[in-house]
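Top line first, the protein sequences correspond to chains A and B. The numbering of the first sequence is UniProt numbering, which starts it at 1 and goes up by one. The numbering of the second sequence is UniProt numbering, which starts it at 1 and goes up by one.
These aren't lab readings, by the way, just hints derived from the structure by calculation. Quick caveat, the model's predicted, so the values are computed rather than measured. Among these hints, one or two may not hold up.
What the hints assert, rightly or not - Listed next, with one range per pair, are the computed distances between beta-carbon atoms:
{"hint": "1", "chain 1": "B", "residue 1": "Gly78", "chain 2": "A", "residue 2": "Asp83", "range": "18 to 28 Å"}
{"hint": "2", "chain 1": "B", "residue 1": "Lys116", "chain 2": "A", "residue 2": "Ser113", "range": "49 to 59 Å"}
{"hint": "3", "chain 1": "A", "residue 1": "Gly82", "chain 2": "B", "residue 2": "Ser114", "range": "54 to 64 Å"}
{"hint": "4", "chain 1": "A", "residue 1": "Gln111", "chain 2": "B", "residue 2": "Ile160", "range": "25 to 35 Å"}
{"hint": "5", "chain 1": "A", "residue 1": "Gly82", "chain 2": "B", "residue 2": "Gly78", "range": "46 to 56 Å"}
{"hint": "6", "chain 1": "A", "residue 1": "Leu121", "chain 2": "B", "residue 2": "Phe47", "range": "18 to 28 Å"}
{"hint": "7", "chain 1": "B", "residue 1": "Val130", "chain 2": "A", "residue 2": "Arg44", "range": "46 to 56 Å"}
{"hint": "8", "chain 1": "A", "residue 1": "Ser72", "chain 2": "B", "residue 2": "Arg44", "range": "51 to 61 Å"}
{"hint": "9", "chain 1": "B", "residue 1": "Arg41", "chain 2": "A", "residue 2": "Thr123", "range": "50 to 60 Å"}
As the list claims (entries may be wrong) - Not close to chain B: a few residues of chain A, all C-beta gaps over 12 Å, as computed:
{"hint": "10", "residue": "Gly76"}
{"hint": "11", "residue": "Gln117"}
{"hint": "12", "residue": "Ala157"}
{"hint": "13", "residue": "Leu174"}
Virtual Cβ for every residue (Gly too), placed ideally from N, Cα, C.
Number of protein chains: 2
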Amino acid sequence: MSNFQGLELEKRHTPENDMERGPPTTEAGGTEVGVGSVLRRWKRDDFIRKGSLALRALAFVFSLLSFIIMASNNHGGGKEFGDYEEYRYLLAIAILSSIYTGLQCFRHVHQLSSGKQFVDLKTSALIDFVGDQITAYFLLSSASSAIPITNRMREGADNIFTDSSAAAISMSLLAFISLACSAVVSFHKLSTQSFI
Amino acid sequence: MSNFQGLELEKRHTPENDMERGPPTTEAGGTEVGVGSVLRRWKRDDFIRKGSLALRALAFVFSLLSFIIMASNNHGGGKEFGDYEEYRYLLAIAILSSIYTGLQCFRHVHQLSSGKQFVDLKTSALIDFVGDQITAYFLLSSASSAIPITNRMREGADNIFTDSSAAAISMSLLAFISLACSAVVSFHKLSTQSFI
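Looking at chain A on its own, in the form it has when it is part of the complex (with noise of 0.2 Å):
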């Protein structure tokens, strides 16, 4: 768009021009920097719900992962994840960003495709920020509740149960890097709505 902006300009001030349709006036140039800065805006908007979607595409993977590796971490003979509650902890809550995550990919792939709004803008707007700054912060304080029991574990012995109570643990971190990058964007798009 700049681009084409700039020819325009320069086509305006050869003498040619300038005899041709007088000189320029404020309201055209106006005019045209407003187009200019309205599909420029639109571009941004449109990368912007793309990235947010992106972003909680991604934090669905790793907290279906982490519940998932959880769930299935019973071995028998005390190396159920069961007995410790920092793990019970975890998984509660990779189960709960799972359902959260799925359901706003769902809802903004609907929107996307079909234009429909649920609800208005702005308590869109709101609740992906408020869902999602909370959703991350439960995921960080439950990974980092799991990680000195299984520091410990690992210190005496690495086994199987060790090592996937590591990996849900590790997934439930991406989950909150990604969670936490969305909720930077949706603040964004909240403030930035509410002064339009």
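Using the hints, position chain B against chain A.
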């Protein structure tokens, strides 16, 4: 300010005034509304500035308390915080958070009293947001990691060591809540400033 505006508008629409000054021009109306919105904006900005300073001061007090309580949690005979990596982590983050929030409070008080800026407004808003958010994540992570071991100890015995640990964890959590709110305010400042 809106009361004053209302009076002005009422005054303008009496017949005597209309005869005296002619019909109201849009320029005059526009200027009045403009001044009103600028003053409202200043008031809101001032409120936000003081609010974020208060939140950081709260976070400073809570993290300093957490630091002091955990650092003095040495009672001999296995009841020393240095024996547990979770408590060492909590102490380290409480110290970092105290330094960060202390410096931020000093900077903002200096700015409010002298009106001078160390860095330009946008960089300052960016530093505020990134610092607040990362410190909040660290505080949550350290508190979450220290909760399970304290919980397990308190199931066995409830003594001065576990009570002090629980107090330090609570203070870290309160500091986290203050800084999380402060991060939202900082991001609001950042994203509204970039569009002025």
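Here is how each hint holds up against the structure:
1. B:Gly78 to A:Asp83: 18 to 28 Å: holds, 25 Å
2. B:Lys116 to A:Ser113: 49 to 59 Å: Holds, at about 53 Å.
3. A:Gly82 to B:Ser114: 54 to 64 Å: Given range 54 to 64 Å: holds, Cβ gap about 59 Å.
4. A:Gln111 to B:Ile160: 25 to 35 Å: With a Cβ separation near 56 Å, A:Gln111 and B:Ile160 fall outside 25 to 35 Å, so the hint is violated.
5. A:Gly82 to B:Gly78: 46 to 56 Å: Since A:Gly82 and B:Gly78 have Cβ atoms about 29 Å apart, the given range 46 to 56 Å is violated.
6. A:Leu121 to B:Phe47: 18 to 28 Å: holds, 26 Å
7. B:Val130 to A:Arg44: 46 to 56 Å: Violated, since B:Val130 and A:Arg44 (Cβ atoms, about 22 Å apart) do not stay within the stated range.
8. A:Ser72 to B:Arg44: 51 to 61 Å: holds, 52 Å
9. B:Arg41 to A:Thr123: 50 to 60 Å: violated, 25 Å
10. Gly76: holds, 23 Å
11. Gln117: Nearest chain B Cβ is 22 Å from A:Gln117, so the label holds.
12. Ala157: holds, 18 Å
13. Leu174: Since the minimum Cβ distance to chain B is about 15 Å, A:Leu174 lies beyond 12 Å and the statement holds.
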